[in-house]
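**Q** Each chain, written out:
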Amino acid sequence: MIATEIEFMTRPQRWDVAFGPEMSEQDVDRLLAVEPFRSVDATRFPAKLSLRDILKNDTRIVRFKEGDIVLREGDYGDSAFLVLSGAVRVALDALNPRLLGRREPKKRSLLRAIAQHWTNPRNIEVRDLHAYEIARQGVGSRGEGAHDTHIFLQDVDRIISSAATARLETGEVFGELAALGRTPRTASIFAEGDTELLEIRWQGLREIRSRSEAIKNFIDSRYRERALSNQLKHTALFAGLSDADLSELADATEFETYGTFDWNTSYASLARQDPAARLLQEPVIAQEGDYPNGLIIVRSGFARVSVKHGNGSKTTSYLGKGQVYGLDELTHNFGVSDPSKCLPLQHTLRAIGYVNILRVPTALIEKHVLRKMARADERDRPVPPKTPSGGKAANGAELIDAGTLEFLADGRFINGTRTMMIDMDRCTRCDDCVRACASTHDNNPRFIRHGPIHGHHMIANACMHCQDPVCMIGCPTGAISRDPATGNVVINDNTCIGCATCANSCPYENIRMVEIRTDRGLPILDQNTSAPIFKATKCDLCVDQWGGPACERACPHDALKRVDMSDLASLGSWLRR
Amino acid sequence: MTVTFNSRRLRNLIVTAVLAVALAGYLWIYSMKLRPATFVSGWILAGFVLFLTLYNVRKKFAYFPLIKSSIWLQFHIYVGLLSMVVFTTHAFFMYGHRWHVPSGPLNVILAFAYIATALSGILGLALTRAFPSRITDSGEEVIYERIPIFVRTLRERAAELIVEVVGKTDASTLPDFYAQRLAAFFARPRYYWLHLFQSRRPLLVLNGQLASLSRYLNDDEKHIAHELSVLIKKKDALDSAWALQGTLKGWLFFHIAMTYSLLAFLAAHIVVAYAFSGGVR
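Note that the protein sequences, when read in sequence, are chains A and W.
Numbered according to the numbering used here, the first sequence spans residues 146 to 722.
Numbered according to the numbering used here, the second sequence spans residues 2 to 282.
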């Protein structure tokens, strides 16, 4: 009886859905004949993960026309590009956000702010079609759908003559550091004439990098040259080091990545697992009890710091961008000649989602940091307490109970820079926050006062303005972006094409697709298909209003706060009020 | 560093107490000039009432860069307390005179309006501090307006279970129990007062009655009875949320309604007071 109910299927494979389904064998042959792939030793790739298969399934050829924007400064992306033919221009100066199809950072006038009281529409999601037409002037758009829509610059010659740009020609690679490092794009790039680019998604890039010494060296040297020295310079621990010292550190620093780049796709299924199983899926970066062979600096992403507790692990803190791990142990071991007196790592460090780390060798930390800190009586220094490396006092995790830390780390709420946290023991459920939100957004609330609860604290369904904004990956028009002034993630309603890429990417389900309407409440339809027009909507932290987020200002009982999860000291003191 | 609620409360109470003493002292000194302090205290009180009313206006202008609502509320609470001191001196006590009670219909109504507003404010403050944690503890976090939808879902599921049991057995034990007890229970939110006072009686009685039927049920029926008991528990939690959230919303309606009537009578009182002052101010 039971046997007849069982059904079989082919186990899902990595390349069931290729990055570019239209990639042909001829295309792959063409790629294998050009640099840098021509120099890659294909025999170093296993049969199941051949270079040919990687190129066929993890790349696609994208064609751009004059002025098409390839990348925008500040965007997040998961792919790198190789110029196959034609050329692209890198804008060395920031371009006008309007040209890039972004929302312009502009506050409402005081009079318009007051006028909202009686000008807000009565119906939901009302849009002014005339305003769309006006807003579209100056912003070019061609193509349809999430993959084929391109925003283009209308007067390329003027931009090239008026702004500083650099030309990248056939054979040049760009975007690889941001793609692998999960960091924002540092410049906008647009096509100069008809251009053919090979887009390589991060999975393929990672495979090729790990198996090709030449490509690894190429990417690593670019990173060292362009970003690493600067990053080390801005690390508090290395403040005051000379350029020569920093250069020595940069040359010896290893960079590693852990976890899954597209962690957001498995977020929901992971959330259903029990904590122990979830923890097992977080790759270990450094293991408690191991010898500390270097200082770890989190370059991007998040890492969980835990200690063995009973038969499990207890989270004691989490580390984000710029925070260090292993310093206490290195400090203790500095100058200790007897290995039995050396202190092993006191915590385990695990990758939550996707993490980039830098590993600075112990010898260089001793030479450039610890030697300067050394004191004559350091022989008898005490064993450091079991606290997160990097100085718990500065971290503030001790103010937060372990259960809350586990909750925040497990749910990846640590990603938020302005997470809406509600103290349910103070919240009277009056919905003043929701009403305030609606009144500042044309009568449309941009969050739901609902969400996961731990103890008496709720993480409401409101955009958290994440440090790692996965929603920004893949937006075809760049409509979703960071506001340059505030860092808030905002959507430009004028250039949003309603493809739902951002809404589908947001693991927290904080972006909602809405049907837009006329002021009489009637749906606005596509003139070709008569299908409703959708727009992505979410909390914008009242970026165009005076006074900041209306929700927080409207709460009478101090129950609601927009929390920066990287500031554990502030969070801890708020939780302990 | 965030200020704790306890330290904020202590600080505000001390400041309010100092101001109350200062106000009372000022009115006493004023009365020593052999001029009645009632006009001064009256205007101070009217100013306080007006200021307290402005909080509701602030709430309507959420998008306007005004002071945070929580700071307004703190002022609302402590100015409200100060107003009680002024009201007491104004309405019941004149320096150098005996205690007296307001006389005349308008004054009596005005006094009652003020007292009702002030008491509803104090009651509201107590409720807003006591009820949220009770709602949280109930474990059923629902939006008030959606409670009827959840109740309907539970009602429909309960009815489905009864239809299912009818198909499985000839016995009418569960259908009878549903008709006699559960249909009314699931019909709408129930037991407002019992939930307001944290009574677990509705849950215990219903689940107790259901459990006592167990001996008359076969395995299929027991399984369905168990599901029904889970639904009863969920409905009980919804009833509790409905009672507590409803009260939190309801008291405010009363408080605001009393405030507007207070304002109306206050305006009339000012006109009458000046009309019949006989030049003594």
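Among the clues, some could well be false.
As the list claims (entries may be wrong) - Here are the simulated DSS-like cross-link-like pairs (lysine-lysine), alpha carbons at most 27 Å apart as the crow flies:
(1) 251/A - 69/W
(2) 61/W - 251/A
(3) 252/A - 60/W
(4) 251/A - 60/W
As the list claims (entries may be wrong) - Label-pair ranges, simulated between beta-carbon atoms:
(5) 188/W - 452/A: 52 to 58 Å
(6) 251/W - 262/A: 33 to 39 Å
(7) 269/A - 268/W: 34 to 40 Å
(8) 381/A - 228/W: 39 to 45 Å
(9) 153/A - 134/W: 39 to 45 Å
(10) 631/A - 188/W: 48 to 54 Å
(11) 72/W - 453/A: 43 to 49 Å
(12) 251/A - 108/W: 41 to 47 Å
Stated by the list, open to error - Stretches of chain A that chain W covers, calculated by requiring three or more beta carbons in the stretch to come under 8 Å of a beta carbon on chain W:
(13) 318 to 327
(14) 482 to 488
(15) 559 to 573
(16) 681 to 694
Worth flagging that the hints you see were computed from the coordinates, not collected in a lab.
Nothing here was measured: the structure is a model prediction, and the numbers come from that model.
Cβ coordinates follow ideal geometry from the N, Cα and C atoms, glycine included.
**Q** Can the suggested window of 39 to 45 Å be confirmed for the beta-carbon pair residue 381/A and residue 228/W?
**A** violated (59 Å)
**Q** Can the segment 559 to 573 of chain A be counted as covered by chain W under the rule of three residues or more with Cβ-Cβ separation shorter than 8 Å?
**A** holds (count 5)
**Q** Does residue 69/W lie within 27 Å of residue 251/A when you go C-alpha to C-alpha?
**A** holds (23 Å)
**Q** That 43 to 49 Å hint for residue 72/W and residue 453/A (C-beta), does it hold up?
**A** Holds, at about 46 Å.
**Q** Could you see if the CB distance from residue 269/A to residue 268/W stays within 34 to 40 Å?
**A** holds (39 Å)
**Q** Is it true that the C-beta distance of residue 251/W to residue 262/A lies inside 33 to 39 Å, as the hint says?
**A** At 26 Å between Cβs, range violated.
**Q** Count the residues of the segment 681 to 694 of chain A whose Cβ falls closer than 8 Å to any Cβ of chain W, and tell me whether that reaches three.
**A** holds (count 4)
**Q** Can you tell me whether the CB distance of residue 251/A to residue 108/W sits inside 41 to 47 Å?
**A** violated (55 Å)
**Q** Quick one: see if chain W covers the segment 318 to 327 of chain A, three-plus residues with Cβ-Cβ under 8 Å.
**A** violated (count 0)
**Q** Assess, step by step, whether the Cα of residue 252/A is no farther than 27 Å from the Cα of residue 60/W, and give holds or violated.
**A** This hinted pair holds, its Cα atoms lying about 21 Å apart.
**Q** That 52 to 58 Å hint for residue 188/W and residue 452/A (C-beta), does it hold up?
**A** For residue 452/A against residue 188/W, whose Cβ atoms are near 54 Å apart, the range 52 to 58 Å holds.
**Q** Within a Cα-Cα threshold of 27 Å, do residue 251/A and residue 60/W meet the stated pairing?
**A** holds (25 Å)
The structure shown violates the earlier hints numbered 6, 8, 9, 12, 13 and 14.
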